[in-house]
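Those protein sequence lines, which keep their order, are chains A and B. First residue of the first sequence? That's 11 in our numbering, and the numbers climb one at a time after it. First residue of the second sequence? That's 683 in our numbering, and the numbers climb one at a time after it.
No lab work stands behind these hints, which were simulated from the structure alone. Here a beta-carbon is modelled for each residue, glycine too, at the ideal position from N, C-alpha and C. Hints should not be assumed to be uniformly reliable.
As the list claims (entries may be wrong) - List of simulated lysine-lysine pairs, DSS-like, C-alpha gap at most 25 Å:
id, chain 1, residue 1, chain 2, residue 2
1, B, K700, A, K206
2, A, K212, B, K776
3, B, K795, A, K212
4, B, K776, B, K748
5, A, K212, B, K784
6, B, K796, B, K776
7, B, K757, A, K106
Said to hold, decoys possible - According to the in silico footprint, chain B covers these stretches of chain A (three or more CB under 8 Å from chain B):
id, segment
8, 183-195
9, 211-223
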Amino acid sequence: MMNSKKARVRWGFVLFFIPVFLWLFLLFILPHLELLRMSFVGTDYYGRSGFTLDNYAAFFKEPVYWLTFVRTAGYSIVITLIVLVIALPVAFYITKVIGVRTKGLLTLLIIVPFWVSVLIRVYGWMIILRESGIVNQMLVGIGLLKVPREMLYTDASLIVALVHTNLLFMLLPIMGVMDGLDDSLIEAASNLGATKLVIWWKIIIPHCMTGIMSGSIIVFMLVAGSYITPSLMGGKNSLWFTQQIYNQFIIAFNWNQGAAFGFLLLLISSAIVWLSLKITGQRLSEVVK
Amino acid sequence: MEIDLSVKQVTKTFGHFKAVAGVSFEVEKGKFFSILGPSGCGKTTLLRMIAGFYESSSGSIEIRGKDMAGVEPNKRPVKLVFQHLALFPMMDVKENIAFGLKRRGERGKEVYKKVEHMLERVGLPGFGNKRINQLSGGQMQRVAIARCLILEPVVLLLDEPLGALDLKLREHMKVELKKLQAQVGTTFVYITHDQSEAMIMSDYVAVMNQGKFEQIDTPQNLYHHPATSFVAQFVGENNKFVGRLDKNAFGQWVLCLEEGLRLPVDNISGHSVGERIEMFVRPEAMIINPEAKMKEMSLLDVVIKAILFDGGNSRVLVVIDGSTKELILRLPQNDVSKIKVKDRMRIGWDPRRSTCFESAGVKTYDEL
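Using the sequences plus the hints, can you model the full thing?
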């Protein structure tokens, strides 16, 4: 009796697990294993292929590769911080300051733009910022500019678009934890003589740390791994590391080099996340909850 | 005597609702002052105005002679112990207590020396490194009070801090708080809906109802000489009789109850014949089977409905014979065995020990 029951439970589990397993294994693990293998394969002068570390070495030998990476990582960190600085007061306003009814409306307003694909949102920014765009027309109209200026294809325009497209992923986790902050803690701190700045620094931010970290990890990974926004908004001079990977795969048709770059991006981004968790004293298991 | 807190004609309105409707009181230095009232009477609003979280709609609040209008909560010399304590879970005990000192710009070892000294005073020596979630309810209570007292406030406000504790601990903490207050000598303003908390701990109690103070007095006077019908009902247990005033053939005042009985009454200056009156008699004023020689007793024949055993606080629930009117009597300690459910007996009390008020129709939540 007991055994058959146990067996039934297992079969049920297997039945539901198979699609998940197949999905992960066939579409995620298997291709990655193949890419990992390819990243260690090189072709020598005579066309013979074999094991090599040259693909990884190329990253460090050729300054354009690692400089692109440093640029990408640096900008990703800056963008994550900008998103955080914008998200904290917004989350506080939505969860603590306004009433329940407006709260739902504002949350909806934040989510609605994300029903549209990233591509459309980036094109939206392009319409706003381009030479004949709204911002230029307005600035010329009020006389701040004599002739329209090209605002696209700069680092600034890239940052604006990436900050906007990723704001939601910071806001939602922070709003989640901030909702759980007891208002009386803020009042108690004030009663004990704390200024607003101290309340933010000592009470609100420590309370929201798990949300801040999980939001930051998501935003950082999304920004570092984004491709469409940098290639559409960044222009020729602002290379993103994902574009280097794309170039290797599609233009140079060097899959081995592309695979190595892909794994380097994964490894170094993970290292940055790990480091930031260490610095802020958070644990991954707490942050992903 | 120096006045630490002086509240003058303070009101607070939310839209059309008057939460606090013209309250005035003064608290002398070093006194334990309680504000007692049912939930929703405006006592928390009043406390939050003193702490500075609400701006008063009119009136003034002075702390040691200084007007607090426009002073931010973080600049006021009052500290508040919150209802749910509001200890900072992101810090350990010593950081919680040191929080206020650090905000004043105090730094270094001196701060933690003070913290350790404060912990000893509230009976928690060596607890500095514990996390907040490692503490029991009573310990959290003491940390919350220590966190405020270390700043040596002029007035310590306490917003029903015992409400969340279980009964045994609450009884214990009442005594602890009273002792602590006597020891540190800080002026305490304590708000509660629990009359026993207010009575046990306070030097003075203000009874608040619907945004107004009904009476400010010592606990003894509140109990024995309530100023209004609400106070008589809210403070301590009381038996309430409602009826019209009349005079009997000898020209003595009597109360004609709705149940058709006539009871002699006393203490009714300023009332006239035919007026609707509420008369209150304390359970301990009622004597079971009074001796016949005692004259001018108000007498009633009752049937025992239930014995409410509660140790030294035991009471008897009776109904007036021939009606459904219930009364509560103190159960005498000596002849418990004589009293049995469904027995008939006679009770009596000295009319001078009753209190009468013009009927206001106020109801406390225990009579539905």
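> What hint numbers does the structure not satisfy?
Replying inline: 1 and 4
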